[in-house]
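Peer 1: The lines below spell out each chain.
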Amino acid sequence: MTTPMVEARAVCKHYAGVEVLKGVDLTVNRGEVTCLIGPSGSGKSTLLRCINHLEKHDAGELLVDGQLVGYEARDGKLYERSDKQICVERSRIGMVFQRFNLFQHLTVLDNVTIGQVKVKNVAPDAAATRARELLARVGLEAKEKNYPSQLSGGQQQRVAIARALAMEPKLMLFDEPTSALDPELVGEVLDVMKDLARSGMTMIVVTHEMGFAREVADTVYFLDRGIIEESGDPRQVLSAPSSERLKNFLSKVL
Amino acid sequence: MTSDGGGAVKVVPVRHVGRWIAGAVMIVVVAMLVHTLLSKVPNGQTSCHTVNGLRTCHNVVNWRFSWNIVFHYFTTSEILHGLLLTVELTILAMIIGIVLGITIAVMRLSPNRLLSSTAWSYTWFFRGTPVYVQLLFWFNISAIYQSMSIGLPFLNVAFLHINTVALFTPFRAALIGLGLNEGAYMSEIARSGLIAVDEGQIEAASSLGMTRGQTLRLVVLPQAMRVIIPPTGNEVISMLKTTSLASAISVVEVLGAAQNIYAANYEVMPLLITASIWYLIITTVLSIGQFYLERHFARGAQRTPPPTPIARLRHDLKGIGSKFRTPRPAMTREVST
Ligand SMILES: Nc1ncnc2c1ncn2[C@@H]1O[C@H](COP(=O)(O)OP(=O)(O)OP(=O)(O)O)[C@@H](O)[C@H]1O
Ligand SMILES: [Mg+2]
Chain X
1 MTTPMVEARA
11 VCKHYAGVEV
21 LKGVDLTVNR
31 GEVTCLIGPS
41 GSGKSTLLRC
51 INHLEKHDAG
61 ELLVDGQLVG
71 YEARDGKLYE
81 RSDKQICVER
91 SRIGMVFQRF
101 NLFQHLTVLD
111 NVTIGQVKVK
121 NVAPDAAATR
131 ARELLARVGL
141 EAKEKNYPSQ
151 LSGGQQQRVA
161 IARALAMEPK
171 LMLFDEPTSA
181 LDPELVGEVL
191 DVMKDLARSG
201 MTMIVVTHEM
211 GFAREVADTV
221 YFLDRGIIEE
231 SGDPRQVLSA
241 PSSERLKNFL
251 SKVL
Chain S
1 MTSDGGGAVK
11 VVPVRHVGRW
21 IAGAVMIVVV
31 AMLVHTLLSK
41 VPNGQTSCHT
51 VNGLRTCHNV
61 VNWRFSWNIV
71 FHYFTTSEIL
81 HGLLLTVELT
91 ILAMIIGIVL
101 GITIAVMRLS
111 PNRLLSSTAW
121 SYTWFFRGTP
131 VYVQLLFWFN
141 ISAIYQSMSI
151 GLPFLNVAFL
161 HINTVALFTP
171 FRAALIGLGL
181 NEGAYMSEIA
191 RSGLIAVDEG
201 QIEAASSLGM
211 TRGQTLRLVV
221 LPQAMRVIIP
231 PTGNEVISML
241 KTTSLASAIS
251 VVEVLGAAQN
261 IYAANYEVMP
271 LLITASIWYL
281 IITTVLSIGQ
291 FYLERHFARG
301 AQRTPPPTPI
311 ARLRHDLKGI
321 GSKFRTPRPA
331 MTREVST
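Protein sequences, first through last, are from chains X and S. Residue 181 in our numbering sits at position 181 of the first sequence, and the numbers go up by one each step. Residue 138 in our numbering sits at position 138 of the second sequence, and the numbers go up by one each step.
Bound conformation, chain S alone (with noise of 0.2 Å):
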């Protein structure tokens, strides 16, 4: 059938018989999981009554997830406490990963080899140990420096006297690892989004008369962001989960505090659940937050601004409102010829 008179075209449309198939089998994949997930089991005791003097028994079932004791801990006291700890310390230690890193990456470009290899040696020695091992580290410094002084080296000149066991308590000990082991990360983002910004932009900047300094701050670092934001995005979503390391140290954040908990009842799986679910919301709401970032830095850079997904989705019914619509003028065509 060809168009009639400027109507829409009408094609039989191609049968995607692979599309299908895939379809019924992630179907399938669903259901198996959401049954495993809701499905209940026996838990080995049995429960007995008497009604009208007959006496019945049946085996208990609980949730195989238990899924009542998930929810049970997921809002109290303890595990809010730990999530709080958690979120803190991934806002830390990420500003400081941040801060850190574009220090190093502007360094890395000096022309001053001394600035630039002391840059380099930073980012091989933070990237090259592990992260777990960086935070023994700090949270045992204690043991080899007792006090720490700050000054000139050799000279027995200090400034300033450190009790170093009073500062480094357990939240700051993570802290400072998560955060200097972040800004060997951060720095290899922020020189690639340094590096992706035009020569020119920094040759206009200087003929305005632009200092370095302004030349950077002004020009070229919210040019480089349209680059460092999205992996930076992965890095705090990343962070958010390296930060249950510190439960290793004794910080009681979200994973130490449902450790804490299942110690005592032994209710592991559960706990280690509620602790899971909480890390997915806040990568959820992370998510949505990057989304937003990601769009605001990218203004300049295209012509049209990629839609949010509320705007895609009223795009999206209105177009499904439309689908149902158009075919109605056409059958009435047919009726009356």
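The shape of chain X in the complex, shown without the other chains (with noise of 0.2 Å):
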């Protein structure tokens, strides 16, 4: 039995006073496509952040590839990681924004070069080939030139995704991919993302594209207010939902 891709028992997290987070438990196998559902403020970006080592939680146990995250553990005792080893960590992790942050000063290529050449140390020229290669996959490829101001939303976020992907993640999280875009431009980047889907990468996606969820999940976590309401197959959790805050939810973003 292999270790899980994402384990999280009982993680904790909270600002200021504010608690986000307050408990959260969760399981995210190898090669399975979790979805993240939950209103505004439930805390689902939170989350994305504490398993990327953007964020640290305060309690609780949060393994990602079978290793504590922000901590080592060794002879019985918990050991502060420091700022190299996560920045190492958080370079096997790929992510996915809403407003899909793409360097505004770099082309469309530079962008998916810029990771590989300077934090994974790859040659320029393989570098580049990689980057044509993934830029193809979203297709991209006639665009490596541009800048992404010049891009359409949605190519701006295919070009996220191949800038994530050029890193070779072994997970990918995605913050609302599609929630900053018209919805005409929606289904390119769930094209992608499903086509991702089925090349077995791991993913974690916060979405309110429950078509998404319902036909690629593999497992769908509803948060709200900062605990898991409830999870399990997407078709039984998002067709007969037990919970009334799910009902609830359900019923708005429907």
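Note that these hints are calculated values from the structure, not bench results. Quick caveat, the model's predicted, so the values are computed rather than measured. Treat the hints with care, since some could be wrong.
[Claimed, not checked] Looking from chain X toward chain S, a few residues come up when the C-beta cut is under 10 Å (computed):
hint : residue
1    : 15
2    : 18
3    : 86
4    : 92
5    : 107
6    : 160
7    : 167
8    : 170
9    : 173
10   : 201
Idealized CB from N, CA, C, for every residue including glycine.
Build the complex from these two chains, which are given one at a time in their own frames, with help from the hints.
Peer 2: In structure tokens form, the structure reads like this:
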């Protein structure tokens, strides 16, 4: 039995007195797609940020790829990880943001090569070759010389996915990747994500696209006010929710 | 008259009476300026000569602005040497200022309170005292430090001894004074640039595994440049003129050279004009450079970069050409109907 890619046990996180995560339990198996749904402010982004070491959780246990996030257990003691180690961990986890966050001063190609060259020390030629492959995969090989501001939102998000994939991540995190897009552009991004899911990538997707969750997810988690209210098979959870809160939430988003 | 079959619409343009009056006033003012700049006045001497046994005398006139003297000294080696020193001081002091300014801005934004308050104090001190006083201070520093040593304070441990008199030549005192002062102003400019970069850019960089240093160098600073460059251009131009203060601590830059010359020949005004024209020329060159630098760092920020002045001129000329060309078909049509 292999260890899960992500395992959260009673993870808590608070900001200046506000408790955002109040004991989250979650398991993401390798090669599976997990969708995280829930109302605004429920802590979905915070959970993703904890998994990616962008925030430190205060209590509970969070393991990524069998290793504790932020700490190292040696001889029965916990040691805080150095900044360097945390950077290495982050480089192995891809993250896609709601507002794309492409580097505005770099061309599409440079956006996809910079992480490879500067973080993974890949030779520039090899990085460019790989970047072109990935751009072709997301259907943007013709745009490599453009700057992000010259692309549509959907195109920018596809570049952002290619940028994350260029690091050869073991896990991809998506934080509402289609929420900032015009409705007609949502499909092109979801198609890329579906293709990625089929290729066996382990993914955690925060989304309001219930159709996507139903079609692609192996497991759906419903996060509400910092705790997992309900989880399970998407057909089960989305079609026959048992908790009142989830019923309420679904009636609003659908 | 309405448009005739897809041709250009013919309209009587609105008359801008105000603009015409303002234009006329400006032409008169400019003409007055040119007139006085080119005017000639008697210089108090008379010159007489005899032609055909007839002796005639007349007053000698000179340019009021002594243009002959202005241009006589314009390219003398003294002035050109001074000019070189002015340019050197400007460039070196700006390099010190920019490097220092960015460092201080980064320190200022650091979560480390000790670093950020040190940075704040630096800016407070150097912006709060006149640069002229600072120059005099560095020029006279050997009066209180005959020598300096770098080591640990209170412990009598020194790594390096420096002879202050030899170190603080007038040029170096000016350079240090101008550079340190500029650092304070540049730090505020750099800070506004760093703050202007979207938080999401930093998050994206960290999520790729970049260290804080890499994020700053590869992502934040290049984007901050777009905000930093335009005011830095102004700083360079301002620095060019501030270097003239160095003449007060016996640096013979272009103003100092002009002063040395007029101390000997009393031609004060012409030599001040000579120096001023050189300042204007360099400022013009710097402004052109600034335009292209801004254009370079704006890449990615705009969908289409602004046209260069040359491209715009070409476009305007084409526009004028087409204005003269378009009416012609309309006229022939009128003749035929
Ligand atoms: N840096 C912070 N400081 C203080 N409070 C924060 C911070 N970040 C998030 N919060 C708070 O934590 C709560 C959860 O935020 P989070 O961004 O995780 O919600 P979310 O589920 O992603 O919501 P949305 O769907 O709107 O993105 C919110 O109430 C938010 O105000
Ligand atoms: Mg969120």
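Peer 1: Each hint should be assessed against the structure and marked as holding or not.
Peer 2: Evaluation of the provided hints:
| no. | hint | in the structure |
| --- | --- | --- |
| 1 | 15 | 15 Å, violated |
| 2 | 18 | 19 Å, violated |
| 3 | 86 | 9 Å, holds |
| 4 | 92 | 8 Å, holds |
| 5 | 107 | 8 Å, holds |
| 6 | 160 | 8 Å, holds |
| 7 | 167 | 6 Å, holds |
| 8 | 170 | 13 Å, violated |
| 9 | 173 | 8 Å, holds |
| 10 | 201 | 16 Å, violated |
Checked against the numbered hints above, the structure breaks hints 1, 2, 8 and 10 and satisfies the rest.
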